[in-house]
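Novice: Fit chain B to the given chain A structure using the hints.
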Amino acid sequence: MYAQGLNSTDPAAVEAEDPDRLAAFQARIDAEEKIEPNDWMPAQYRRTLVRQISQHAHSEVIGMQPEGNWVTRAPTLARKAQLLAKIQDEAGHGLYLYSAAETLGVTREALYDQLLSGRAKYSSIFNYPTLNYADMGAIGWLVDGAAIMNQIPLCRCSYGPYARAMILVCKEESFHQRQGYAIMVAMCRGSAEQRAMAQDALNRFWQPSIMMFGPHDSNSTHSELSMKWKIKRFTNDGLRRKFIDATVPQAHSLGLTIPDPDLRFNEATGHWEHGAIDWDEFARVLGGDGPCNRQRLKHRRAAEAEGAWVREAAAAYAAKRRGANERAA
Amino acid sequence: MSFASCDPRAAWLMRLGDTTLVLGHRMTEWLSRAPTLEEDIALANLGLDLIGQTRLFYTRACELEGGARDETDLAYRRAEPDYRNPLLVEQPNGNFADTMARHLIFAGFATPLYQRLAASCDAETAGIATRSARETTYHLRHAGEWMIRLGDGTDESHERAQAALDDLWPYVPELFEADDLDRAVAASGFGVDPSTLRDDFDAAVDDVLARARLAKPAEPRGQRGGKAGRHSEHLGHILAELQYLQRAYPDARW
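Protein sequence lines, in the order shown, are assigned to chains A and B. Position 176 of the first sequence, counting from 1, maps to 176 under the working numbering, and the rest follow consecutively. For the working numbering, count along the second sequence from 1 and bump the result up by 329.
Bound-form chain A, shown alone (with noise of 0.2 Å):
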C-alpha cells in the first residue's frame, strides 16, 4: 500500500543551509551514494522524508481496516489465510516504516499522534468503502498495483534506510497484487453474480486508484526538489501512464469494462490516454472528507484508547523488572 508523494517540499527553506555542506550532499546524491541517519542532511530533506515515509506507514496502518472488513466472511478458508497474512504483512510495513522514519529522530508515538489527530495525511484509497467480496481482489491488483509503480523507484531512493525498507516492501506487493488479480480471475471466471461484483469492484476502485499518483505534474509545484534529492524519481504523470498501460490489457483479458468512455488508446505513443480525472473529489478525499475518513480515524483512535490499558501495564511491567534486575545487580 502507498500513501501519495505529496511534494510538499520547501525551496525557501533550503536557501537557509550552508552552501558548502549543501553542495557537499548534492554530490553525493549525485554519485548515488546513500544517505545514511548520522550523516548531514538539509533540514528541509529530512522533513521531506520523515512525512513521506510517515505518511506511508500510515497508509499500511489504515489500509488494514478496509481489507479487514471482509477477513471474517472471507469465502474459504485458503483466502481467508491469504487475507489474513496480507494483512498482516500491511501491519509489518508500517512497523518497518515507522522505524525507518524513527532513524531520522521522530518516535512512532508522535507519528501516531500526528494521525490520530488528523494532522498526518494517509493515502485517500482507504477512504473507500470495501462493499463486495471483489474489492479483496481489486485493492490487490490496482491498489497494491498502483503502489508497486509508485514504490519501485523507491527502492533507490537516496534515504538508505527507506531505501532498503522499500525492498522488502516490494517484494511482499508484488506477491498482493498478483494474488489480487488471481482473486479477480477468479470472479470473473465464476458465476454472473460474480462477475458482476469484479465489474462493480473496478467501477469503484478505478478512479481512487489511479488518482494515487497525486495531481498531474502541472500541478504539483514542489515535486523538483525531492527529484534533485532523489527521494522521487518518477513524475506523478509518468508513473500513471505507466501503471494504465500496464493495467488496461489485464481488464480486458478479464472481460472487465474500464469505467472511462474517453479512455483511448493512441497509436502514435502506443500509451492509453485516460478521460478527466474528478480532482475535486481528489481534494475531498484527501481533505477529510471522504465517504470513511471519519470512521477510519474513528476506528483507529477507538483501538489506540482500548489499547492503553494494555501498553501502561507492559510498561509497569517493564519498570518493575528493571528495578528488580538493578537490585539483584
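Treat the hints with care, as some may be off.
What the hints assert, rightly or not - Covered stretches of chain B, as calculated for chain A (at least 3 residues, CB under 8 Å):
id: 1; region: 356–363
id: 2; region: 378–389
id: 3; region: 483–491
id: 4; region: 570–582
Everything labelled a hint here was simulated from the structure, so no lab data went into it. For every residue, glycine included, the Cβ atom is placed at its ideal position computed from N, Cα and C.
Specialist: Coordinates of chain B only, in the frame set by chain A:
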C-alpha cells in the same frame, strides 16, 4: 450427505478443526484493533496458525471418511449443532485480557494434546499434530507472557486479568472431560483421551499464574455442551458471518 461423520476418527478430527476454526475466527476479529502494532501482527499470526491447523484437520478428516466432503463443506455448510468445539473458544474476545486468558487456557490444553497426538497410529495425523504442537507451544508462551505482564503490571490490568480468568474458568472442565468418542479414538491408538492432559495443563498454567500474581479460580461445576453440539448463543453469530458468502451464493466458485 450426512452431517455427522460415521468414522470416529474423522468425527474426532473435525472436533479439533471446529475448535481451531472458531478460535481462529475470534482472532481475525482483532485485526487492526490490537493495543500495539506488534500485537496486531502477533494476533494475526495466532489466527493464521489456527486457520492452518483447521485446514489440515478437516482435510484429513474428509480423507478418512471417504472423500465425499472437503474443508469448505465442513467449515461453511454445517450448522451450529454440527460444530463440536468446546464452549471456551466461542466466547467473545472481550478486552485484551479476556482474549489472552482464553488463549492461555486453549494453548495450555492444546499443546499437550497435540504433543500426545504426535504419536497417533495414523502417520498423517501424527504429522499434523507435530507441526501444530510447535505452533501452540509458541501460543502458550505468548499468552503466558501477556498474562504475566497484565497480572503484574498495573492495578487495573491485574484486576482485568483476574476477572478474565474468573469469567472463563467455567469453560475449563469441558476441555478435559472424555466422552465415548474420545475414549474410542484413544483406545484405538488414533487419538488422545483429554482427561489425561489435565496435569500438563495445570503445570503450565500454574507456573504462569504464580509469576503473574494471579489467583487460580476455584474449580466450578462448569459450562459444557459444545462437544455434544449444544452451544452458547455466540456460535450462531460466528457462523452467520463466517458462512455468509457460501450461503448467499451457493453456485459461486471462489
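Novice: Give a verdict on every hint.
Specialist: Here's how the hints hold up against the structure:
1. Proximity of the region 356–363 of chain B to chain A, defined as three or more residues with a beta carbon under 8 Å from a beta carbon of that chain, is established by the 6 residues found.
2. Check on the region 378–389 of chain B: 5 of its residues sit with their Cβ under 8 Å from a Cβ of chain A, so the three-residue criterion for coverage holds.
3. Remark: the region 483–491 of chain B is confirmed as covered by chain A, as 4 of its residues place a Cβ nearer than 8 Å to a Cβ of that chain, reaching the required three.
4. Judged by the Cβ-Cβ criterion of 8 Å, the region 570–582 of chain B is covered by chain A as claimed, because 9 of its residues qualify and three suffice.
In terms of the numbered hints stated before, the structure departs from none.
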